[in-house]
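**Q** Residue numbers (our numbering), protein chains in the order written: chain A, 1 to 387; chain F, 1 to 253; chain Y, 1 to 534.
To be clear, the hints were calculated from the coordinates, so they are not data collected in a lab.
Virtual Cβ for every residue (Gly too), placed ideally from N, Cα, C.
Hints may contain errors.
To be verified - Which residues of chain A face chain Y? A few of them, derived with a C-beta cut under 7 Å, are:
#: 1; residue: Arg179
#: 2; residue: Ile294
#: 3; residue: Glu331
#: 4; residue: Leu337
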Amino acid sequence: MITSFIHRALEGKIVVAVATLLGIAVLVPALNLLTPPDSAFHIPTYVMALFGKYLCYALLALALDLVWGYCGILSLGHGAFFALGGYAMGMYLMRQIGPRGVYGNPILPDFMVFLNYKELPWFWHGFDWFVFAMVMVLLVPGLLAFIFGWFAFRSRVNGVYLSIITQAMTYALLLAFFRNDMGFGGNNGLTDFKDILGFSVQADGTRAVLFAISAIMLSLCLIVASAITRSKFGKVLVGVRDAESRVRFLGFRVENIKLFTFVVSAMFAGIAGALFVPQVGIINPGEFAPANSIEVVVWTAVGGRGTLIGPIIGAILVNAGKSFFTGAFPEFWLFALGGLFIAVTLFLPKGIVGTIQHGFRTRRAYKAAAEAEKGRDAPVAIAQAAE
Amino acid sequence: MNTIAETRTKSLLYLENVSVAFDGFKAINSLSFVVEPGELRAIIGPNGAGKTTMMDIITGKTRPDSGTVLFEDSIDLTKKDEADIAQLGIGRKFQKPTVFESHTVWDNLELALNRDRGVFGTLFYRLTAEDKTRIEEILETVRLTHRKDEYAANLSHGQKQWLEIGMLLAQEPKLLLVDEPVAGMTDAETVETAILLKEIAKTRSVVVVEHDMGFIRDLGVKVTCLAEGSVLAEGSIDFVSSDPKVIENYLGR
Amino acid sequence: MLIRLFSLIFLILSFAAPSFAQSDPKPLINHLAKADFAEAEALLGQIAATGDTRVVPALQAFSDGDLYFRKSDNLVFIGKAAGAGFDLIDPVTGASAGQAAKNAVTKIKINNNLRRVIRSAMGGLTLMSPDRGVRLSAADAVLRSPSAENLDLVEAALAKETDREVKARMEEARAVSVLSSDRSVDEKRGAIQTIKALGGRNALGILGSVSGSIDASLKPDLDAAISAIQSEQQLWDMGQNVWYGLSLGSVLLLAAIGLAITFGVMGIINMAHGEMVMLGAYSTFVVQQLIRDHAPGLFDWSLAIALPVAFLVTGAVGFVIERGIIRFLYGRPLETLLATWGVSLILQQTIRSIFGPTNQEVGNPSWMSGSFPIGGMTITWNRMWIIVFSLTIFFALLFVMKRTAYGLNMRAVTQNRRMASSMGIKTPWVDALTFALGSGIAGIAGAALSQIDNVSPNLGQSYIIDSFMVVVFGGVGNLWGTLIAALSLGVLNKFLEPVTGAVLGKILVLVLIILFIQKRPRGLFALKGRAVEA
Ligand SMILES: Nc1ncnc2c1ncn2[C@@H]1O[C@H](COP(=O)(O)OP(=O)(O)O)[C@@H](O)[C@H]1O
Ligand SMILES: [Mg+2]
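My request is simple: use the sequences and hints to build the entire structure.
**A** Structure follows, in structure tokens:
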């Protein structure tokens, strides 16, 4: 059962994408570690870290695409799941600092000492254990998505309304995490990480491995997403997107379908956040900002929602553009991003990959129609005459 | 209503004294209506008579303010939602054809097939030989075999109507509610559709709402005329169309 | 502040005092040089009893620790540090009395008890001032720190007083002093009634402070008075909270009202709405700049001039956005969201490039500053005007929508575009004008908000989520719903704040709205019918 589920996922494009990602996972770290710095093939660590970040964003975009592109739920709060995953990882990394903090407290992270905490808040317990933290990376975003979705989908909050309340959700979390007494480091967030599983987060080797893991996780999630979307469930999802009431009247529980997808998507986003944090070295409440979540929507739209490869390409392209612009002409970045938003919605509503695919599809449809020409029967002839 | 006792024992669908109002406007007004197993029933009535609203009530989309709605004499439909009711065996075709346009004709039918509709059931679903045969049969019935691999978006209006009927068949309902199936169809398509519905009605109950009197005549079945949310007349087409109230309310306009 | 009071007192005294002099206060003051605290207190009583208001500066100096005596002759002076030594000032006449080295004088010791005595003594003295304002503030001073010693003075002043307001205040001051004196029980009972009528936190404090020492037979009266004041106080506090809430609500209303048109009526998810508000605020800034440079006399009119300018500027921008982008996206609401977000980024960056990223200074015209009291509440003028203003805009808009031909066309187009156009309504025009109207109103809101908020390129961002919440909470397409939602969210916020703190209050409100939308997905006042379900 599972094998056929996975087998179905490995359709042509996905295989190519996964192979490419796995190739990158090996090649980039190899070029970073094994070539001498003056070699033409050398990839500097900061470039690798940058691309590692893009891969996390790509995973976040893939997560959003699952709910938006396939299920029609435009979440403007996916940044919240990303940030929660990031915080879970950040909490693990904070606990790893141990007595090496500025205040040298073996248990309490620096900010807690600074804020006069006497003991570790209950929700910080267990985070010194890697496995526990990784479970939380999935569980916390998943649980939030479950609770939120359970209410929202049951009461059939739809379309724009849903988008707006997801935005309110991430905004509320933004405000909450800015508070010092939440116990997550207030507006400074969590930072000054030392090591992960005993390896220094600064070391080239660790960074290379983190990069490789990001690429591998992205491939895995891509395969899972592909398996989901190519199953009958995936077809139901698209049905929900295009004609929700039809799905309902066919006897499907739309709320469960949405809820499952939303939770899986939130977990993807959580994983992305968890991989992001050790690579950039900080997580702060800014990640909850509604603007961040909206930016994810653009990556997805640019690449092509409703395709799985599209959001990955979109996220990488837009962020590469951002890195370039903010380096070369900082004041133009927002013009470029804003212009991109407008241009994509006006001229490229299907996104890059979507537009290319659509081209193929229409060619195929023509061929099919030509075939049908030969063997059609009476009512169809009439029907087409009526068109 | 002295016949309640008898009708109740053998009805498939039973509505009694059903009323619903929207902002004080009574769209359905003490409507009572019975469909027997295996029956093909036509419903006519002027625009705004409440025909679609009645279907909304039966399928759980709209909750009635008062009244009884029973399926198979025992199941209270007013307590259930759309998905429950569909799973009980009531299929519905919308007034505006509603199919999954970005799926192929085949996928549309596969989705509609009466199989496990849960999240995990669908995630791990595999097309069996039996299901394949069933879909092929339905494709034949709705005359879409040659277009099975095309996107539903590319179908003509009439073909979409048929595809939707095909999806309802795949659902294997005991009762089929069909809202204005021939609106926008050519005459030839209309004739074909009447034949199709009669064929379908051999194995299940069907309720058809239609305006097209020619089509109703083609069906040749018992007709109920609705107006202002309640039943005006019921009987053969000739009986109903000679009823002075019906002429005044509907035909004569 | 203190200095000002000081010089004011001097000024008054230079005209007034000698006529009241009953005996010369100077020897009494000189006695302070060698007095211990208890003696000093007695001396202060005698000084006050002279009724000579010229001594006030000396008393003030004593209280501030600026009173010194010269070691050589034990004469007392007001000392002002000057270089290595002191300038000496005569304590009664205020005339300069030469200089002294640091070690030639000694500071006269003071403690808090003496300070209190001084305060009441000064209050009593200035009660006799010929200046009405001084008498009034003197009565207030007695009210704030009553003492039995002042009672005779207050009563003497009261007998002379003719001004109604001052007299009333002195009555109160007298009542307060009576309570801490050894007057008869009946007199005290009357005083309690007077203080009760006075109300407010002060009265509560006074009654509370005597409750330990007062005659047992007065206890019931006292307790009744205290609880009466307390419940009245609670009412006023509530009133003040409601006022703050309404004021916040009116800000929300201002921010949301344009969106109620572009989103609520037209269905465009206009993420650039906040930037329209921001453009309005910047228009105000530019107008004020021009007025400052070219016609400073018109400054008080700057807001009145800025309002139409803001409306036209943002309206024009809105028009361009609708014609250039949004009209291609009707029927694809989620994509208008993306495109307008893009617009918002561009507008923000444009403003940032032109004016820089920092806050701009927008001034308040004089009629918008200051405050006035209503009973136990304080009302600031700018909040007052914002409320009036937001309601005015609201009702003007309601009028346009419901009573004009244009409003009718607009509603026709939004309800059934095809039907409207087949009836000869130029739908593209109506669309563009409606969007321009919504944007223009956002601009006006920005002009108003520039008075109470920082004008920066990020101004719009801080309002956009709140605005959407208000419109959704109130029910899309329903202007009244927007009004009620804005005001009730504002009040709710202000009532939560004291309990939970501002941030947590805001979070709670957001969560409440999210939950509320689950219950009523179409908001408080939903439009019903099939059209909205499609
Ligand atoms: N959800 C609803 N809200 C408000 N009015 C409705 C709703 N559903 C139906 N109506 C009204 O009820 C009446 C009956 O409509 P309908 O059942 O569609 O009539 P028919 O299908 O017979 O033409 C119409 O006047 C319609 O406007
Ligand atoms: Mg109908």
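**Q** Looking back at the hints listed earlier, which ones does the structure fail to meet?
**A** none
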